[in-house]
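Produce the entire structure from the sequences given, and follow the hints as far as they go.
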Amino acid sequence: MPKLLYARPPVDAEEERQIRTLAGARHAPADWIMRAQVIVASWQGLRTSAIAAKLGCHMQTVRERIERFNAEGLAGLGDRPGVGRKPRITEVERGQVIALARSAPPGRLVRDEAGDLVADDESGPAQWTLDSLTAAARAQGIVIARSQVRRILLKEKVRWRHTRSWTTSTDPDFAPKGPRSSAAIPTRRQAPR
315 MPKLLYARPP VDAEEERQIR TLAGARHAPA DWIMRAQVIV ASWQGLRTSA
365 IAAKLGCHMQ TVRERIERFN AEGLAGLGDR PGVGRKPRIT EVERGQVIAL
415 ARSAPPGRLV RDEAGDLVAD DESGPAQWTL DSLTAAARAQ GIVIARSQVR
465 RILLKEKVRW RHTRSWTTST DPDFAPKGPR SSAAIPTRRQ APR
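Residue numbers (the numbering used here): 315 to 507.
Check each hint, because a few of them may be wrong.
Stated by the list, open to error - Calculated lysine to aspartate or glutamate pairs in the DMTMM-like style (CA-CA distance at most 25 Å, straight line): (1) Lys471 with Glu405; (2) Lys368 with Glu405; (3) Lys469 with Asp485; (4) Lys471 with Asp445; (5) Lys469 with Glu381; (6) Lys469 with Asp487; (7) Lys317 with Glu378.
Hints in this document: simulated from the structure, not taken from any laboratory.
Being a predicted model, the structure only gives us computed values, none of them experimental.
Shown next as structure tokens:
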């Protein structure tokens, strides 16, 4: 037969006031409010099954909250530190990826003082893509995936894609296509249904 579990009585009037205030609060974190309501309901003499039914949670959740409150007091209502997934790469490595995306690719052609087009590394990429950025970051010793590079750059609003060279022209006589004229292009009529 399971042991009956109840929250310990409050240490002083201040602790009781804080928990009762938190249980009735509207502008506090919802998880803190629910945990305080568990404690107050236990003080009222309700069993774990009745508290779980009243608050719409599992009985094991009620038991865990009561046990934590009994052990830690008011601090037991909060989350423990270190909750959640730890970042895979450090902030320094994130900064290196961002700096890499803002730098000029090694295969980009530039004019030297003689006017000739040369690249620092002719076998390197001429413009950054996610694959080339990932390969360059791995070459620097950063263990990172393509999707992580994309998420980092989107979050920091760093552009790694450059405008296509074929969308603009340096020709002074170039005239872009205008809107279609309805007189020159006949429209199809749809057949009635």
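Which numbered conditions among the earlier hints are violated in the structure presented, ordered from lowest to highest? 2, 3, 5, 6
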